[in-house]
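Its first residue numbered 71, the sequence shown is counted upward by one per residue in my numbering.
Calculated from the structure, these hints are not laboratory results. As the structure is a prediction and not an experimental result, all values here were calculated from the model. Hints are supplied without guarantee of correctness; some may be wrong.
What the hints assert, rightly or not - Label-pair distances were calculated between CB atoms; the ranges are:
1. 110 with 85: 26 to 32 Å
2. 147 with 124: 21 to 27 Å
3. 96 with 72: 26 to 32 Å
4. 93 with 146: 30 to 36 Å
5. 131 with 98: 26 to 32 Å
6. 96 with 146: 21 to 27 Å
7. 100 with 142: 31 to 37 Å
8. 142 with 117: 17 to 23 Å
9. 115 with 135: 15 to 21 Å
10. 84 with 127: 17 to 23 Å
Beta carbons: idealized from backbone N, C-alpha and C, even for Gly.
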Amino acid sequence: MAVRLRVRELAEARGLNISTFQREANLGMSTARRLWHNTSDGNPKGPPLRRLDYDSLEALCRFFQVTPSDLIEITDD
71 MAVRLRVREL AEARGLNIST FQREANLGMS TARRLWHNTS DGNPKGPPLR RLDYDSLEAL
131 CRFFQVTPSD LIEITDD
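Work the whole structure out from these sequences, hints included.
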C-alpha cells in the first residue's frame, strides 16, 4: 500500500504548472517540487514522500479548496 498526494493532478486540473503552483501557493521551490513530484527530494524519480505535517495539509486543502480525502490517494503499490 502506498499513500500519495494528488497535488499535481489538482494543480493541472486548474491549469497550473509547477511554477505557477509554487508562486500562487506561496511555497519555496524545493517544497513545491517535493509536493508536485510526490518525492522526498523533489526529483521525479526520487524516494517517495513520507511525511506531511498538519499545517501543510491544511494549507494545501485550503489552497485547492478540497478535503484531505480529495488530496490524499491510497494505492495498492
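Status of each hint after checking the structure:
{"no.": "1", "hint": "110 with 85: 26 to 32 Å", "verdict": "27 Å, holds"}
{"no.": "2", "hint": "147 with 124: 21 to 27 Å", "verdict": "24 Å, holds"}
{"no.": "3", "hint": "96 with 72: 26 to 32 Å", "verdict": "28 Å, holds"}
{"no.": "4", "hint": "93 with 146: 30 to 36 Å", "verdict": "35 Å, holds"}
{"no.": "5", "hint": "131 with 98: 26 to 32 Å", "verdict": "19 Å, violated"}
{"no.": "6", "hint": "96 with 146: 21 to 27 Å", "verdict": "34 Å, violated"}
{"no.": "7", "hint": "100 with 142: 31 to 37 Å", "verdict": "21 Å, violated"}
{"no.": "8", "hint": "142 with 117: 17 to 23 Å", "verdict": "18 Å, holds"}
{"no.": "9", "hint": "115 with 135: 15 to 21 Å", "verdict": "30 Å, violated"}
{"no.": "10", "hint": "84 with 127: 17 to 23 Å", "verdict": "18 Å, holds"}
Comparing the model with each earlier hint shows violations of hints 5, 6, 7, 9; every other hint is respected.
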